[in-house]
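Protein sequence lines correspond, in order, to chains Z and L.
When you line the first sequence up against our numbering, it's residues 1 to 642, in that order.
When you line the second sequence up against our numbering, it's residues 1 to 253, in that order.
Simulated from the structure, these hints should not be mistaken for laboratory data.
Hints may contain errors.
[Stated by the list, open to error] DSS-like cross-link-like pairs, simulated, lysine-lysine; straight-line CA separation at most 27 angstroms:
no., chain 1, residue 1, chain 2, residue 2
1, Z, K32, L, K106
2, L, K199, Z, K32
3, L, K66, Z, K32
4, L, K199, Z, K295
5, L, K127, Z, K32
6, Z, K227, Z, K316
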Amino acid sequence: MEDKSQLLNFTIPQLLRWRVKETGEKVALREKDFGYWNNYTWNDFYDRVRKIALGLDDLGLKKGDKLALIGDNIPEMLFMAIGMQSIGAISAGIYQTSLPDEIAELINYMDVTAVFCNDQEQVDKLVEVRDRIPQVKLVIYEDPRGMRSYRSDDWFLFIEDLYRTGEKVQQRDPERYDQLIDMGNPDDVCHFCLTSGTTGLPKASMMTHRNYINMGIQITKVDKLEKTDEYLSFLPFAWIGEQMNSFGVAMATGITINFPESVETSMEDLREIGPHFMFGAPRIYETIRSQIWLKIDESYWINRWFYEKFIKIGEKAARYRMSGEQMPASLRFMAWLGKILVFDPLINQIGLRRLRRAYTGGAALGPELFTFYQAIGVNLKQIYGQTEITGIAYMHRDGDVRPDTVGKPLPATECEISEEGEILSRSPSACVGYYKRDEQTEELLEGGWLHSGDAGYIDENGHLVVIDRVSDVMHNSKGEMFSPMFLENKLKFSPYIKEAVIFGDKREFVSALINIDPIVVGKWAEDRGISFTTYMDLSGKSEVVELIKGAVLDVNERAEKDHFKIKRFAVLYKLLDMDDGELTKTGKIRRKFVMEKYKDLYDTLYDEGVSRKKVEAFIQYQDGQSTTVEAEMSFYTMEGVA
Amino acid sequence: MEKLAISDVTLSFGGLMALSDVSLDVQPGLITSVIGPNGAGKTSLLNCISGFYHPTSGDIYYGDHKLNKASPHRVSSLGIARAFQNIELFGGMTVLDNLMLARHQKLRYSLLHAMVYFGKASGEESKNRRYVEEVIDFMELEPYRKHTVGNLSYGIQKRVEVARALTLAPHLLLLDEPMAGMNIEEKEDMVRFIIDIQKEREATVVLVEHDLGVVMDISDYIYVLDFGVLIGSGTPEEVVKIPQVVEAYIGED
Numbered sequence: 001m002e003d004k005s006q007l008l009n010f011t012i013p014q015l016l017r018w019r020v021k022e023t024g025e026k027v028a029l030r031e032k033d034f035g036y037w038n039n040y041t042w043n044d045f046y047d048r049v050r051k052i053a054l055g056l057d058d059l060g061l062k063k064g065d066k067l068a069l070i071g072d073n074i075p076e077m078l079f080m081a082i083g084m085q086s087i088g089a090i091s092a093g094i095y096q097t098s099l100p101d102e103i104a105e106l107i108n109y110m111d112v113t114a115v116f117c118n119d120q121e122q123v124d125k126l127v128e129v130r131d132r133i134p135q136v137k138l139v140i141y142e143d144p145r146g147m148r149s150y151r152s153d154d155w156f157l158f159i160e161d162l163y164r165t166g167e168k169v170q171q172r173d174p175e176r177y178d179q180l181i182d183m184g185n186p187d188d189v190c191h192f193c194l195t196s197g198t199t200g201l202p203k204a205s206m207m208t209h210r211n212y213i214n215m216g217i218q219i220t221k222v223d224k225l226e227k228t229d230e231y232l233s234f235l236p237f238a239w240i241g242e243q244m245n246s247f248g249v250a251m252a253t254g255i256t257i258n259f260p261e262s263v264e265t266s267m268e269d270l271r272e273i274g275p276h277f278m279f280g281a282p283r284i285y286e287t288i289r290s291q292i293w294l295k296i297d298e299s300y301w302i303n304r305w306f307y308e309k310f311i312k313i314g315e316k317a318a319r320y321r322m323s324g325e326q327m328p329a330s331l332r333f334m335a336w337l338g339k340i341l342v343f344d345p346l347i348n349q350i351g352l353r354r355l356r357r358a359y360t361g362g363a364a365l366g367p368e369l370f371t372f373y374q375a376i377g378v379n380l381k382q383i384y385g386q387t388e389i390t391g392i393a394y395m396h397r398d399g400d401v402r403p404d405t406v407g408k409p410l411p412a413t414e415c416e417i418s419e420e421g422e423i424l425s426r427s428p429s430a431c432v433g434y435y436k437r438d439e440q441t442e443e444l445l446e447g448g449w450l451h452s453g454d455a456g457y458i459d460e461n462g463h464l465v466v467i468d469r470v471s472d473v474m475h476n477s478k479g480e481m482f483s484p485m486f487l488e489n490k491l492k493f494s495p496y497i498k499e500a501v502i503f504g505d506k507r508e509f510v511s512a513l514i515n516i517d518p519i520v521v522g523k524w525a526e527d528r529g530i531s532f533t534t535y536m537d538l539s540g541k542s543e544v545v546e547l548i549k550g551a552v553l554d555v556n557e558r559a560e561k562d563h564f565k566i567k568r569f570a571v572l573y574k575l576l577d578m579d580d581g582e583l584t585k586t587g588k589i590r591r592k593f594v595m596e597k598y599k600d601l602y603d604t605l606y607d608e609g610v611s612r613k614k615v616e617a618f619i620q621y622q623d624g625q626s627t628t629v630e631a632e633m634s635f636y637t638m639e640g641v642a
Numbered sequence: 001m002e003k004l005a006i007s008d009v010t011l012s013f014g015g016l017m018a019l020s021d022v023s024l025d026v027q028p029g030l031i032t033s034v035i036g037p038n039g040a041g042k043t044s045l046l047n048c049i050s051g052f053y054h055p056t057s058g059d060i061y062y063g064d065h066k067l068n069k070a071s072p073h074r075v076s077s078l079g080i081a082r083a084f085q086n087i088e089l090f091g092g093m094t095v096l097d098n099l100m101l102a103r104h105q106k107l108r109y110s111l112l113h114a115m116v117y118f119g120k121a122s123g124e125e126s127k128n129r130r131y132v133e134e135v136i137d138f139m140e141l142e143p144y145r146k147h148t149v150g151n152l153s154y155g156i157q158k159r160v161e162v163a164r165a166l167t168l169a170p171h172l173l174l175l176d177e178p179m180a181g182m183n184i185e186e187k188e189d190m191v192r193f194i195i196d197i198q199k200e201r202e203a204t205v206v207l208v209e210h211d212l213g214v215v216m217d218i219s220d221y222i223y224v225l226d227f228g229v230l231i232g233s234g235t236p237e238e239v240v241k242i243p244q245v246v247e248a249y250i251g252e253d
């Protein structure tokens with residue numbers, strides 16, 4: 001394998017110059033416009049970036065200035081970002097879905113003096129808050145549609161005019177661009193990436209050129225990419241994952257980045273491009289699976305029959321493949337048959353046929369989704385990391401994919417678990433801190449390690465298992481750590497369980513209050529001739545409790561550690577609801593509130609002698625009336641749990 | 001751009017007077033709306049302009065061209081296009097095919113060329129495809145390009161209907177209730193499209209519409225019809241003050 005470590009001494013614009021010398025005539029970017037895929041070679045790419053840089057330089061922008069980028073993914077977004085970086089300035093991504101107030105706040109926080117918008121929609125947001133962002137001197141736009149009334153105002157600049165200015169400078173002073181980018185240092189801050197802060201205070205992570213380039217090199221050490229590989233850019237550019245590819249991976253390897261025609265068409269464009277690798281949040285993979293199920297459902301009976309038959313074989317084979325174990329010959333033959341008869345044609349229709357690797361990150365993905373993708377021949381792998389470490393610190397290796405873990409550390413990444421159970425990492429891709437947030441920066445980089453704020457542990461295979469945010473984990477009476485959310489998610493992977501609340505902080509064992517899913521369990525009961533009237537009635541059926549017991553047993557069997565096992569559970573007579581204050585507006589459990597409201601049940605869960613108990617259920621109707629109903633609840637003790 | 005002048009147009013079906021002595025001017029480059037209650041003769045007026053009906057008496061001039069007896073295809077060759085109230089698309093064909101077909105008037109090759117589909121024919125087709133793609137981009141129909149029209153939602157079909165009219169590169173666009181049956185969001189989109197058609201594609205727009213709010217917002221000039229008779233006209237501010245208009249259209253309070 002060629003050694004790419006010399007690239008670490010480049011800045012992003014210098015890397016682009018190097019790339020152009022290597023494969024200047026190869027297609028670098030491709031954008032669908034007016035129904036056709038239009039190509040930009042690396043030469044074109046470089047030429048645009050140079051024009052932008054020289055144009056901005058001519059307009060008086062200088063090292064250290066900040067330019068915000070707002071809009072859908074288009075090649076111009078990259079031209080602008082790298083053009084800015086060429087003159088030593090800093091680009092900053094803002095999500096295109098942000099509201100005007102938010103944008104004003106972010107612009108002021110990051111001291112942005114120029115903004116690039118892709119279209120009128122984004123420009124209008126800035127116009128709305130113009131008097132609150134007086135330091136912004138320039139708004140550059142790409143799509144002239146709807147901009148007619150702004151033309152006379154020199155606050156706005158059409159990107160084509162910027163190209164023309166840059167072109168003139170280039171003719172006047174052909175050495176200028178090289179001089180500019182030679183002044184750059186790989187350790188300069190080049191981009192601000194907003195972190196998905198849950199605290200309300202925006203934080204911009206200061207990323208250096210080396211952060212991105214190192215990431216590009218290290219990822220491709222694990223999963224090699226060919227120059228001819230295709231990538232579809234459909235994640236928001238303000239997200240670290242997209243920058244990681246555009247600034248790091250693409251230029252280090254020479255792959256082609258494809259830009260969809262519009263956000264709405266990206267799934268169709270995916271099919272046309274057939275990328276070789278992709279990144280996405282779990283939601284994307286869930287959407288694609290639903291699409292596949294829908295297609296199968298609408299298909300001919302013979303297709304359905306084949307699918308049903310081979311998906312089971314595929315899943316069995318997937319389990320062998322993921323763990324890297326040797327498959328029996330008969331299974332290998334059947335899996336191969338399924339691949340050529342069913343799965344290859346199937347994933348070809350979605351555009352995943354050429355996909356060598358699909359990565360998921362950002363949130364937990366159900367193990368059955370993993371198995372599903374592996375079964376249909378899509379090599380789905382988990383990654384783990386955060387914005388502050390340029391996206392990835394851990395990832396699965398091929399043939400060693402375990403659905404419950406996030407894999408092993410990336411090369412050149414040191415990882416450790418602190419005494420409190422927090423995941424710490426150290427790598428050339430770790431950012432230098434948050435902009436203007438010294439206190440948080442200190443917390444983040446305390447002791448030279450990057451503090452993730454996530455709790456986790458390394459399992460016996462050397463894989464990292466992420467449990468929860470450090471602030472959310474609980475400890476049992478023996479002081480052993482566990483995460484309520486982690487266990488709740490495991491329970492919720494069962495289709496019969498809608499919601500679950502885990503208790504056990506400072507107690508001797510873990511217990512759970514469970515909500516059944518009324519639709520799925522209702523259907524299940526109907527199919528078995530179990531009659532019921534209300535949710536409360538259904539929840540109390542002994543058959544239903546047995547069903548849930550099976551699900552709990554399943555979770556216990558797969559528990560990584562003994563103290564994760566759920567010892568006692570009860571099925572709650574009502575669904576947890578936002579209106580009753582039991583859930584937050586985003587659907588998360590308000591644990592403390594639930595515990596206080598159902599104090600009686602909580603106490604009974606820890607009173608092992610009780611198996612049935614009459615409880616008074618207080619019910620408030622939508623019209624404000626309330627009533628108290630008596631319900632009998634069962635409390636189950638799982639056998640074999642200490 | 002030319003002015004559309006309608007003078008003393010009367011249209012009768014036997015004893016029924018659909019339009020009686022209607023005179024109105026459509027100034028180039030503006031959005032002119034025609035409003036009125038159901039059966040007021042709005043669509044009949046559009047039918048007269050587009051050559052569907054021929055007025056019983058009176059004159060219709062588009063610049064120097066007299067349209068009294070003009071056939072629909074001649075009207076459209078003069079650069080007048082129309083989007084219908086009841087969507088008139090081929091439901092079994094894709095959006096792209098509908099739009100390409102609408103442009104057949106602009107295709108300049110013979111049957112022989114079409115049969116070999118080489119040189120001129122394919123060149124013409126790709127030139128037209130390019131134009132159609134611009135319209136698709138303009139009307140934001142990219143996600144539906146290859147979808148069968150019949151499977152699309154009503155709001156999107158309406159947009160395709162307007163796009164179909166736009167593929168003829170009209171100087172004068174007749175829109176017959178483009179917002180009927182749409183939800184608020186779809187209406188907002190359509191309003192933006194209409195303004196963009198006027199400003200960016202530099203077309204004159206004649207709008208027949210029931211949604212008074214929309215009409216008042218975007219029209220440069222409004223004509224009010226009631227039972228085939230023109231009962232008032234003016235800018236939006238003027239029209240709302242005409243007592244007859246209030247009575248006939250908005251109703252008394």
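### Query
Failing hints, ascending?
When the structure is compared with the hints, numbers 3, 4, 6 turn out to be violated.
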